[in-house]
Amino acid sequence: MQKKAVVAHQIIHVFCARFPSRGDHTVDQMVQAARSGKQNIVEGSKAAIASREMEIKRTNVARASLEELLEDCLDFPRVHGLAVREKDSREAASASA
Numbered sequence: 072m073q074k075k076a077v078v079a080h081q082i083i084h085v086f087c088a089r090f091p092s093r094g095d096h097t098v099d100q101m102v103q104a105a106r107s108g109k110q111n112i113v114e115g116s117k118a119a120i121a122s123r124e125m126e127i128k129r130t131n132v133a134r135a136s137l138e139e140l141l142e143d144c145l146d147f148p149r150v151h152g153l154a155v156r157e158k159d160s161r162e163a164a165s166a167s168a
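Sequential numbering from 72 applies to the sequence shown in my numbering.
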């Protein structure tokens with residue numbers, strides 16, 4: 072899970088640097104949620120040595136941050152008037168080819 076959070080954090084940084092305009096509150100939230108998710112997974116893993124309860128708390132905070140990030144990613148195209156493609160659509164298939 073930690074590797075996926077690191078990759079998500081890196082992707083969000085690249086996306087936010089390339090596409091959204093600066094000063095967009097959603098962009099700031101996306102970057103912060105990605106960072107929070109990654110950091111809480113790391114801190115939860117370290118806390119597991121001393122306290123299972125703290126590991127669970129940190130993991131739950133990470134999960135909430137990453138769920139917030141997912142919602143922001145889903146909202147972004149709608150808010151900016153962009154088309155949303157279903158992952159199984161022809162357009163999505165041709166974009167990933």
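Treat the hints with care, as some may be off.
Stated by the list, open to error - What follows is a list of derived Cβ distance ranges for each label pair:
| hint | residue 1 | residue 2 | range |
| --- | --- | --- | --- |
| 1 | ARG106 | ALA164 | 41 to 51 Å |
| 2 | SER160 | LYS117 | 20 to 30 Å |
| 3 | VAL78 | ASP146 | 34 to 44 Å |
| 4 | SER116 | PHE86 | 30 to 40 Å |
| 5 | ALA119 | ASP159 | 31 to 41 Å |
| 6 | LYS128 | GLU157 | 13 to 23 Å |
| 7 | PRO148 | GLN110 | 18 to 28 Å |
| 8 | ALA119 | SER160 | 19 to 29 Å |
| 9 | GLY152 | MET125 | 22 to 32 Å |
| 10 | SER116 | GLU162 | 15 to 25 Å |
| 11 | SER122 | GLY152 | 43 to 53 Å |
| 12 | ARG134 | ILE82 | 35 to 45 Å |
| 13 | GLU142 | VAL85 | 11 to 21 Å |
| 14 | ARG134 | SER160 | 23 to 33 Å |
Claimed, not checked - In silico DSBU-like pairs for lysine-lysine, Cα to Cα no more than 30 Å straight-line:
| hint | residue 1 | residue 2 |
| --- | --- | --- |
| 15 | LYS158 | LYS74 |
| 16 | LYS158 | LYS117 |
| 17 | LYS75 | LYS128 |
| 18 | LYS158 | LYS75 |
| 19 | LYS117 | LYS74 |
| 20 | LYS74 | LYS128 |
| 21 | LYS117 | LYS128 |
Treat the hints as calculated values from the structure; they're not laboratory data. No residue lacks a Cβ here, since even glycine has one placed at the ideal position from N, Cα and C.
We went through each hint and held it up to the structure:
no.	hint	result
1	ARG106 with ALA164: 41 to 51 Å	32 Å, violated
2	SER160 with LYS117: 20 to 30 Å	42 Å, violated
3	VAL78 with ASP146: 34 to 44 Å	21 Å, violated
4	SER116 with PHE86: 30 to 40 Å	26 Å, violated
5	ALA119 with ASP159: 31 to 41 Å	38 Å, holds
6	LYS128 with GLU157: 13 to 23 Å	36 Å, violated
7	PRO148 with GLN110: 18 to 28 Å	27 Å, holds
8	ALA119 with SER160: 19 to 29 Å	41 Å, violated
9	GLY152 with MET125: 22 to 32 Å	43 Å, violated
10	SER116 with GLU162: 15 to 25 Å	39 Å, violated
11	SER122 with GLY152: 43 to 53 Å	47 Å, holds
12	ARG134 with ILE82: 35 to 45 Å	18 Å, violated
13	GLU142 with VAL85: 11 to 21 Å	20 Å, holds
14	ARG134 with SER160: 23 to 33 Å	28 Å, holds
15	LYS158 with LYS74	23 Å, holds
16	LYS158 with LYS117	36 Å, violated
17	LYS75 with LYS128	19 Å, holds
18	LYS158 with LYS75	19 Å, holds
19	LYS117 with LYS74	15 Å, holds
20	LYS74 with LYS128	19 Å, holds
21	LYS117 with LYS128	12 Å, holds
The structure shown violates the earlier hints numbered 1, 2, 3, 4, 6, 8, 9, 10, 12 and 16.
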